[in-house]
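The residues making up each chain are set out below.
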Amino acid sequence: MPDLPLLRAESMPPMGEGAQFAASSAASAVCGPSVASVGDYMALMKPRVMSLVVFTALVSVMIAPGHVHPVIGFTALLCIAVGAGAAGALNMWYDADIDALMSRTSSRPIPRGRIAAGEALAFGIVLAAFAVGVLGVLVNWLAAALLAFTIFFYVAVYTAWLKRSTPHNIVIGGAAGSLPPVIGWAAARGSLDGRALALFLIVFLWQVPHFLSIAWIYRDQYAGWAAVTGGISVEPCLLFLIIFFWTPPHFWALSLVRTEDYARARIPMLPVVAGAEETRRQIMRYSIVLVPIGAAPWLLGYAQAVYGLTAVVAGTLMVMFAWRVRRNRHGACAARAAHHLFGFSILYLFVLFAVLLIDARVGG
Amino acid sequence: MDEKPGRIVLSEEQKRSRRARSIAIAIALGALVILFYVVTLVKGPAVLNRPL
Chain A
7 MPDLPLLRAE SMPPMGEGAQ FAASSAASAV CGPSVASVGD YMALMKPRVM SLVVFTALVS
67 VMIAPGHVHP VIGFTALLCI AVGAGAAGAL NMWYDADIDA LMSRTSSRPI PRGRIAAGEA
127 LAFGIVLAAF AVGVLGVLVN WLAAALLAFT IFFYVAVYTA WLKRSTPHNI VIGGAAGSLP
187 PVIGWAAARG SLDGRALALF LIVFLWQVPH FLSIAWIYRD QYAGWAAVTG GISVEPCLLF
247 LIIFFWTPPH FWALSLVRTE DYARARIPML PVVAGAEETR RQIMRYSIVL VPIGAAPWLL
307 GYAQAVYGLT AVVAGTLMVM FAWRVRRNRH GACAARAAHH LFGFSILYLF VLFAVLLIDA
367 RVGG
Chain B
2 MDEKPGRIVL SEEQKRSRRA RSIAIAIALG ALVILFYVVT LVKGPAVLNR PL
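Quick note, the sequences are listed as chains A and B, same order. Under our numbering, the first sequence has 261 at position 255, and the numbering climbs by one with no breaks. Under our numbering, the second sequence has 50 at position 49, and the numbering climbs by one with no breaks.
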């Protein structure tokens, strides 16, 4: 992980300020009976984020070894979608204060006064409880526990802690977005070997290069345990890694064109803390690392050459877009390059997972 | 009967939104019931036999 300066604690908003704002806005911004529409509640669930979460989980459910009944698979995806929506609602509840300050987020339901913060909090908690409970009862409790951990990580670790305290926020917080394929895999397979889980947690905490090296060294044991126990193997970890490394260039491209917004809201995004130049350098590094990570399912023999070729070509294009961001530093060209990288990064993830799914269906 | 003092009277927009929200909740609960029913059919007796 790059060595970046952390913000001083005194320069940041105190922990819980978002929640305090949320509590006060409940009494001030939305008084009396609610006028919130169903669409407002849908917006609270961040449907665009949810769609990518569901898609990556769908691919994982489909490529996991063994047979999953379509109804059970559908139930798992539904619960993952609702869980993602719950996390989004809780995120909007906590971040209502900074959402109001940024043009990109000022039209969200809470800052716009359509939904009271307390309603969003209750909505998020109820959805999270339903999603985890239903997934546990109807699918399995391993997947439910992973979903609960993901929601907790996104809301408590990323939103309430990391986002306002360190420029590493989206790097570490990206783990929450990387977990849906793992949940999907667990939902499809149904059990988890304790040793594999322990290793998974170790490598997760050990961070990026360590994760790769350990996964490589112990790949046979992972695969062996999975074959014997039906637990999580290397494949969902690779899916996790792809999204994990994809997240920084994706969000930093966005933050480059929204730097003033983030600065106004005092969110220590990388361009605010370390400057645009350092952000462009980091985007380039992560994009380069993403190329072999994206191709890893093919390199390790879990996917066929078509996937490998797609991953290499898409990864190269991603690096080219990152290079354009690096080269174009001023004016409209810089903003356009960042927009293009942001847009392509979404296409990149979609294409990779789609080809992985087709590869598994056709080849497997 | 006379209206109680201080009682909240909903505007037309508030009534419409409340009705829409109530319908959405009813649909969600109905879908949940159907989902549990279908999963019970799919799993059969095994629905009660799962590892914790």
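Quick caveat, the hints were computed from the structure, so don't treat them as lab data. Hints are not guaranteed to be accurate.
Within a straight-line C-alpha distance of at most 25 Å, the following computed SDA-like cross-link-like pairs (lysine to any residue) qualify [to be verified]: (1) A:K52 to B:A21; (2) B:K44 to A:K52; (3) B:K44 to A:L168; (4) B:K44 to A:H73; (5) B:K44 to A:G72; (6) A:K52 to A:L260; (7) B:K44 to A:F136; (8) A:K169 to B:R20.
Verification of the hints:
no.: 1; hint: A:K52 to B:A21; verdict: holds (20 Å)
no.: 2; hint: B:K44 to A:K52; verdict: violated (32 Å)
no.: 3; hint: B:K44 to A:L168; verdict: violated (42 Å)
no.: 4; hint: B:K44 to A:H73; verdict: holds (14 Å)
no.: 5; hint: B:K44 to A:G72; verdict: holds (16 Å)
no.: 6; hint: A:K52 to A:L260; verdict: holds (17 Å)
no.: 7; hint: B:K44 to A:F136; verdict: holds (20 Å)
no.: 8; hint: A:K169 to B:R20; verdict: violated (37 Å)
Consistency note: the structure conflicts with the earlier hints numbered 2, 3 and 8.
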